[in-house]
Each structure stands twice: as structure tokens, then as C-alpha cells.
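**Student:** Given next are the chains, with one letter for each unit.
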Amino acid sequence: MARLTIDDLKKVKEKTAKETSLRYGNASIKVTVHMGTCGIAAGARDVMNALMNEMAEDDRQDIRVVASGCMGMCSSEPNVTIEVDGEEPIVYQLMDANKMRQVFKRHVLLGEVQTDFALAKM
Amino acid sequence: MKELSLHILDVAENGINAGADRVRITVEEARNDNRLRIIIVDNGRGIPPDLIQNVTDPFYTTRTTRRVGLGLSLLEAAARQCNGSMRVDSMPGKGASVIAEFAHDHIDRAPLGDMAGTLISLIMGYPDVEFEYSHLVNTSRFEMKTIDIKNMFEDRPVSDPAVFRKLRQIIQDGLKRLKTNED
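From first to last, the protein sequence lines are chains A and B. Letter 2 of the first sequence, counting from 1, is numbered 2 in the numbering used here, and no numbers are missing. Letter 72 of the second sequence, counting from 1, is numbered 72 in the numbering used here, and no numbers are missing.
Some clues are possibly wrong.
Claimed, not checked - In silico DSSO-like cross-links for lysine-lysine, where the CA-CA straight-line distance does not exceed 30 Å:
no., chain 1, residue 1, chain 2, residue 2
1, B, K145, A, K30
2, B, K176, B, K150
3, A, K11, B, K145
4, B, K150, A, K30
5, A, K10, B, K176
6, A, K13, B, K145
7, A, K11, B, K166
Stated by the list, open to error - Facing chain A, according to a computed beta carbon distance under 8 Å, are these residues of chain B, among others:
no., residue
8, N17
9, L70
10, T118
11, S121
12, G125
13, P161
Since the hints were derived computationally from the structure, they do not count as laboratory data. Computed from a prediction, not measured in an experiment: that's the story for all the values here. C-beta: ideal position from N, C-alpha, C; glycine also.
Generate the whole structure from the sequences, applying the supplied hints.
**Tutor:** As C-alpha cells, then:
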């Protein structure tokens with residue numbers, strides 16, 4: 001196997017930097033986990049960690065995950081909002097790690113809204 | 001809250017919501033002194049002097065989405081029920097610090113819990129915020145700064161799967177080593 005040279009490594013670095021900066025700026029799907037006090041007490045951290053583990057398994061680079069505070073619907077926490085470019089945002093309610101995995105696999109990756117867990121369109 | 005790490009997540013978020021871009025979290029477990037101390041310092045807007053006496057009032061909040069502000073009042077209650085205390089200091093415009101102390105062996109003290117989960121949630125949820133974490137158990141210490149991880153991966157965002165996997169490994173290994181030394 002040929003040995004990598006310094007120039008090869010520089011090219012790899014440039015290519016990776018270009019790809020990552022593009023995808024960071026051009027995320028077409030945004031997943032917001034609402035983590036106010038109410039959300040945290042209801043299990044939002046487990047939801048966030050399940051989401052991040054799913055993200056780590058998948059190679060999709062156009063998905064951006066953010067946390068935000070309470071949206072005022074404390075009784076339906078943990079809430080997660082999925083925003084896909086060109087579509088109305090969907091708020092999911094009473095989420096847990098399993099529901100998050102399902103929403104990620106079906107809605108985020110395949111575009112199928114999981115109406116069983118949905119609270120509202122925004 | 002079932003775990004102290006959930007309180008830490010909540011208080012750190014308060015600072016971020018107040019505009020902080022740097023949050024330092026310190027956990028000190030001094031078994032010999034029977035003390036567990038949590039310190040969270042941020043560089044956000046801080047708390048105006050006329051509001052600081054109200055921060056532990058559960059029926060006081062500056063937010064408009066709901067009428068109660070439970071975060072700091074819950075942490076204070078958790079500390080007090082374990083022969084501990086909580087103190088909030090702030091310099092308006094420069095940030096705030098929250099220090100909570102607990103009797104380590106108190107029967108009502110909640111476990112620290114999933115600290116790795118808390119750190120990962122904060123770092124991934126707020127990729128533009130710099131976090132510093134320091135955890136001391138007697139004489140063993142684990143320290144982590146997100147700036148070091150970002151430097152390691154240079155231009156790649158923390159949300160990149162490869163960066164996330166590395167970050168998760170560093171945090172989990174560090175906390176596991178701390179627990180092993182503790183035992």
C-alpha cells in the first residue's frame with residue numbers, strides 16, 4: 001500500500017473542510033429539542049441523547065440539531081420540533097428515546113410524519 | 001429532578017438563554033469532607049441587582065411562555081434538604097455563577113446521574129457555546145474543554161458524526177476513569 005504524503009494529507013484536509021463547511025451552512029432539516037426546566041424534568045435529555053446516537057449512526061450531513069428553551073407547552077413535554085425545508089414544522093409531544101428513534105428514522109430520514117406523536121403543525 | 005446532572009443541564013441552559021457563549025461547570029466531590037459542590041459559571045448578561053433576590057422564588061420568572069420559574073428554586077430545595085445551600089452571584093453584563101453544596105452522604109441527596117448525557121446534550125444542542133467541564137473526586141480529576149475538541153477537528157462542526165463519536169468517547173472514558181479511581 002502506498003504511503004500517504006504530506007500533500008495527500010493536505011488535500012484530504014481541504015476536501016473535508018470544504019464538505020463540512022458546506023453542509024454546516026446548508027442544513028435542510030432542523031431538529032429542535034425543547035429543553036426548558038419542564039422538558040428536562042420530563043426526559044428531554046434522554047431524547048436528545050437518543051437523537052445524537054441516531055445521528056452518529058447515520059451519514060446524513062444535512063441535518064442540524066439544536067436545543068431550545070420551553071415553548072410554553074409544559075404538559076406535553078418533552079417536545080421536539082422537526083423543520084424540513086419547504087414544509088410546515090411539526091411539533092411532537094410526550095417524546096421518549098424510542099419515539100425519538102422512530103421519528104428520526106421515519107420523519108427525518110424518510111419524510112413520513114408520525115401523526116401518532118404529533119402535537120401540532122406550526 | 002431525579003439527578004443532580006439534570007439540575008446542571010437546566011442551570012447551564014439558563015446562562016445560555018441569557019446570551020452566554022462560555023459556560024464553565026465544576027463538580028467537586030470531597031468524600032473526606034462529606035461535601036459535594038456544583039459550580040456553574042457563565043458569561044451571559046447576568047442578573048440585575050433588583051431581581052437577584054427573586055431568582056429562587058418559584059413564582060417569579062422573566063420569561064413570558066409560562067408564569068413559573070422553577071430551575072433555581074428546585075436546585076435550592078434539593079441542596080437545602082441535604083444540609084446544603086445554594087448561592088447565586090451575578091455581575092450584570094458579565095455573567096452569573098451558581099454554587100450549590102450538598103452533604104455527600106445525605107440519604108436524600110439525588111445521585112449525580114448521567115453527567116455524560118448532560119454534557120453531550122449541552123455541547124450538541126448549543127454548538128456555538130464553549131463549555132469547560134471539571135470533575136474532581138477526592139484527588140482524581142477529569143477535565144474537558146470543547147475548544148480542545150474543536151481544535152482537534154479544526155474546521156469540522158461538533159455536529160459532525162465523527163466529532164460527536166470522539167467527543168462521546170472522551171467524556172465517557174474520562175468519567176469512567178474517575179469512577180474507577182474512586183472505587
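**Student:** Each hint should be assessed against the structure and marked as holding or not.
**Tutor:** Status of the hints after comparison with the structure:
1. Taking the CA atoms of K145 (chain B) and K30 (chain A), the gap is near 26 Å; set against the 30 Å cutoff, the hint holds.
2. Among the hinted pairs, K176 (chain B) with K150 (chain B) is consistent with the structure: their alpha-carbon atoms are about 22 Å apart, no more than 30 Å.
3. For the hint pairing K11 (chain A) with K145 (chain B), the CA-to-CA distance comes to about 28 Å; that is within 30 Å, so the pair holds.
4. For the hint pairing K150 (chain B) with K30 (chain A), the CA-to-CA distance comes to about 22 Å; that is within 30 Å, so the pair holds.
5. About 35 Å separates the Cα atoms of K10 (chain A) and K176 (chain B), which puts this hinted pair outside 30 Å; it is violated.
6. Distance restraint check for K13 (chain A) and K145 (chain B): the Cα-Cα separation of roughly 23 Å lies within the 30 Å cut-off, and the hinted pair is therefore satisfied.
7. With a C-alpha separation of about 22 Å, the suggested pairing of K11 (chain A) with K166 (chain B) holds against the 30 Å cut-off.
8. Checking N17 (chain B) against chain A by beta carbon gives a least distance of about 5 Å; that is within 8 Å, so the hint holds.
9. The beta carbon of L70 (chain B) is positioned within 8 Å of a beta carbon in chain A (closest approach about 5 Å), and the interface hint is therefore held.
10. Below 8 Å, beta-carbon pairs count as interface contacts, and T118 (chain B) has one with chain A at about 6 Å; its hint therefore holds.
11. The interface hint given for S121 (chain B) is met, as the beta carbon of that residue sits about 4 Å from the closest beta carbon of chain A, less than 8 Å.
12. Interface restraint check for G125 (chain B): the shortest CB-CB distance to chain A comes to about 3 Å, inside 8 Å, so the restraint holds.
13. Annotation: P161 (chain B) was flagged as interfacial toward chain A, and the flag holds, the nearest CB pair being 5 Å apart, inside 8 Å.
Checked against the numbered hints listed earlier, the structure breaks hint 5 alone; every other hint is satisfied.
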